[in-house]
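Visitor: Next come the chains, spelled out residue by residue.
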Amino acid sequence: METRFKKPRRLVLATQIVSIVALLGLVEVLTRSGVVSPFALAPSSEIIASLVDLIRDGTVLPPLIETLVQVVLTFLAVATAGLITGFCFWRWNLVRRAFEPLMLAFYAIPGVIFYPVLLVVLGIGPTSVMGLGFLLGITPVVLGVRDALGAVDPVLSRTAAILGASPLAKYLKVVFPAALPAVGGTLRLGFSYVVIGIIAGQFLVSTGGLGKLVADYYDRFQVASMYGAAAFVILVAAFINVFLEKLR
Amino acid sequence: MKFKISPVLVVILVWIGIWQAFGAWSWLVRDIIGTPSSVAREVVGVLSSPTTWYHVGVSALELVLGLALALLIGLGLSLGLGTEELVHDVLEPFLVVGNTVPKIVLLPAFLMLFGTGYESKVAFGALHGMLPIAVIVSNGVRQVLASDQVRAAAVLNATRTQVISYVLLPAVLPYLVTALRLAVSLTLLGVVLGEMYVARAGLGYMLMRWYVQLQIPKMLSAVLLIGGLAFVFDVFLRRLEAGVWQKHGFGQEK
Numbered sequence: 009m010e011t012r013f014k015k016p017r018r019l020v021l022a023t024q025i026v027s028i029v030a031l032l033g034l035v036e037v038l039t040r041s042g043v044v045s046p047f048a049l050a051p052s053s054e055i056i057a058s059l060v061d062l063i064r065d066g067t068v069l070p071p072l073i074e075t076l077v078q079v080v081l082t083f084l085a086v087a088t089a090g091l092i093t094g095f096c097f098w099r100w101n102l103v104r105r106a107f108e109p110l111m112l113a114f115y116a117i118p119g120v121i122f123y124p125v126l127l128v129v130l131g132i133g134p135t136s137v138m139g140l141g142f143l144l145g146i147t148p149v150v151l152g153v154r155d156a157l158g159a160v161d162p163v164l165s166r167t168a169a170i171l172g173a174s175p176l177a178k179y180l181k182v183v184f185p186a187a188l189p190a191v192g193g194t195l196r197l198g199f200s201y202v203v204i205g206i207i208a209g210q211f212l213v214s215t216g217g218l219g220k221l222v223a224d225y226y227d228r229f230q231v232a233s234m235y236g237a238a239a240f241v242i243l244v245a246a247f248i249n250v251f252l253e254k255l256r
Numbered sequence: 002m003k004f005k006i007s008p009v010l011v012v013i014l015v016w017i018g019i020w021q022a023f024g025a026w027s028w029l030v031r032d033i034i035g036t037p038s039s040v041a042r043e044v045v046g047v048l049s050s051p052t053t054w055y056h057v058g059v060s061a062l063e064l065v066l067g068l069a070l071a072l073l074i075g076l077g078l079s080l081g082l083g084t085e086e087l088v089h090d091v092l093e094p095f096l097v098v099g100n101t102v103p104k105i106v107l108l109p110a111f112l113m114l115f116g117t118g119y120e121s122k123v124a125f126g127a128l129h130g131m132l133p134i135a136v137i138v139s140n141g142v143r144q145v146l147a148s149d150q151v152r153a154a155a156v157l158n159a160t161r162t163q164v165i166s167y168v169l170l171p172a173v174l175p176y177l178v179t180a181l182r183l184a185v186s187l188t189l190l191g192v193v194l195g196e197m198y199v200a201r202a203g204l205g206y207m208l209m210r211w212y213v214q215l216q217i218p219k220m221l222s223a224v225l226l227i228g229g230l231a232f233v234f235d236v237f238l239r240r241l242e243a244g245v246w247q248k249h250g251f252g253q254e255k
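Which chain is which? The protein sequence lines are B and Y, in order. Taken in order, the first sequence gives residues 9 to 256; the numbers are from the numbering used here. Taken in order, the second sequence gives residues 2 to 255; the numbers are from the numbering used here.
Treat the hints as calculated values from the structure; they're not laboratory data. Think of the CB as a built atom: it goes at the ideal place given N, C-alpha and C, for glycine as much as any other residue. Among these hints, one or two may not hold up.
Listed next, with one range per pair, are the computed distances between beta-carbon atoms [claimed, not checked]:
hint : chain 1 : residue 1 : chain 2 : residue 2 : range
1    : B       : Asp-224   : Y       : Arg-31    : 33 to 39 Å
2    : B       : Ala-177   : Y       : Leu-114   : 55 to 61 Å
3    : Y       : Ala-22    : B       : Gln-230   : 47 to 53 Å
Whole structure, please, built from the sequences with the hints as guidance.
Guide: Written out as structure tokens, the structure is:
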């Protein structure tokens with residue numbers, strides 16, 4: 009029972025803007041007046057200035073590109089492996105019964121605890137970072153693809169078979185297209201998990217990219233730059249997510 | 002065949018067998034990473050050490066406090082989100098986006114604001130845990146308020162308090178349990194992340210310390226311990242959730 013916007017959009021937008029401005033104002037007052045230590049929080053004006061500086065002087069560009077390349081590569085791997093595994097789960101019950109309980113168990117535990125294992129096996133560097141992104145992204149995609157295929161009306165594939173479609177044609181031309189909208193949603197979810205995993209990997213053991221950028225400012229106690237860089241990462245991630253949702 | 006062999010068990014046993022075989026073949030696995038038999042010995046050692054249970058206790062305390070804070074903020078938010086249309090429309094985009102962005106970049110901010118002790122882990126855990134509570138419970142409140150149950154109660158001349166205690170709360174309970182299960186696993190994630198980065202105690206700290214010291218079999222047993230605890234919580238809460246939905250979730254889609 010979805011309730012659509014009852015309040016006019018303009019009122020909502022105005023309230024959002026006023027709230028954000030009020031929050032920034034509060035931070036400004038708390039820090040300028042010394043209620044909050046300058047080693048804990050920087051004034052909003054300084055955070056925004058450092059955010060603008062980070063973007064204008066290009067500091068943010070190399071780590072951004074590094075992170076994006078890792079995210080795209082990992083996502084391609086997650087999408088390929090997730091589609092194939094999800095298909096196998098759906099098609100062969102034995103495969104599903106053999107691996108699904110493990111995946112469900114994995115879903116419940118904080119995936120980041122496997123990062124040290126990846127670091128030992130793959131070494132410190134982009135490979136283990138991408139490994140963590142893959143690990144976090146693959147579970148929702150496999151389970152989502154299986155659900156999406158399972159939700160396709162069996163009448164469709166039976167009709168295709170009766171009309172003489174080969175198994176391959178049946179899957180590629182009938183079942184997959186029918187599942188596509190749900191698969192799209194699943195891939196979007198997987199994408200945000202990949203982003204979270206990659207940034208977490210870069211941040212926890214400073215290996216590069218945007219995660220390292222934030223961690224470095226924290227290590228050097230450059231408070232305003234640290235908040236600026238964190239805001240940049242959140243804004244970029246939020247922007248990409250909103251963009252993908254619109255695309256879908 | 003009389004016995005039904007569980008396919009999962011076969012997968013796990015085959016995997017352990019391959020790992021053990023690698024140990025006989027590669028010195029790297031045998032001496033550095035450890036074989037299943039040497040890791041099993043470490044697990045016994047780690048579980049019987051009082052230090053381990055100290056770290057488990059620290060993490061458990063952080064988890065409980067973080068969860069309490071997440072419930073406080075999350076339920077407060079969901080009350081506003083569920084009953085006030087404007088609050089819902091204004092906050093919802095932030096909550097939805099908040100679920101999909103890498104919150105880990107805010108960890109340094111939490112360390113600066115709350116120090117490197119347990120307080121920052123509690124707060125960072127609560128940050129992760131409050132989002133599903135706010136989203137799921139407010140969704141439940143909205144569904145119940147829009148349902149016939151509330152209208153039926155109004156027809157029967159129920160007072161506002163009666164509607165809340167006899168209609169709204171029981172009907173929202175299933176949503177609350179679902180939210181709680183997700184909140185436990187996400188709060189634990191926040192707590193462990195915080196401990197893995199800068200901490201003096203806790204399971205995440207224990208894990209990272211053994212990684213840095215390259216005590217890999219010990220590190221692997223920490224992974225098994227954290228994963229095992231999280232898995233047990235999840236199984237328990239799933240059982241509870243299924244029971245509550247069956248009892249109270251009459252005619253509602255999950």
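Visitor: Each hint needs a verdict: does it hold in this structure or not?
Guide: Status of the hints after comparison with the structure:
1. Asp-224(B) with Arg-31(Y): 33 to 39 Å: 38 Å, holds
2. Ala-177(B) with Leu-114(Y): 55 to 61 Å: Given a distance of about 59 Å, which is inside 55 to 61 Å, the answer is holds.
3. Ala-22(Y) with Gln-230(B): 47 to 53 Å: Since Ala-22(Y) and Gln-230(B) have Cβ atoms about 50 Å apart, the given range 47 to 53 Å holds.
Consistency note: the structure conflicts with none of the earlier hints.
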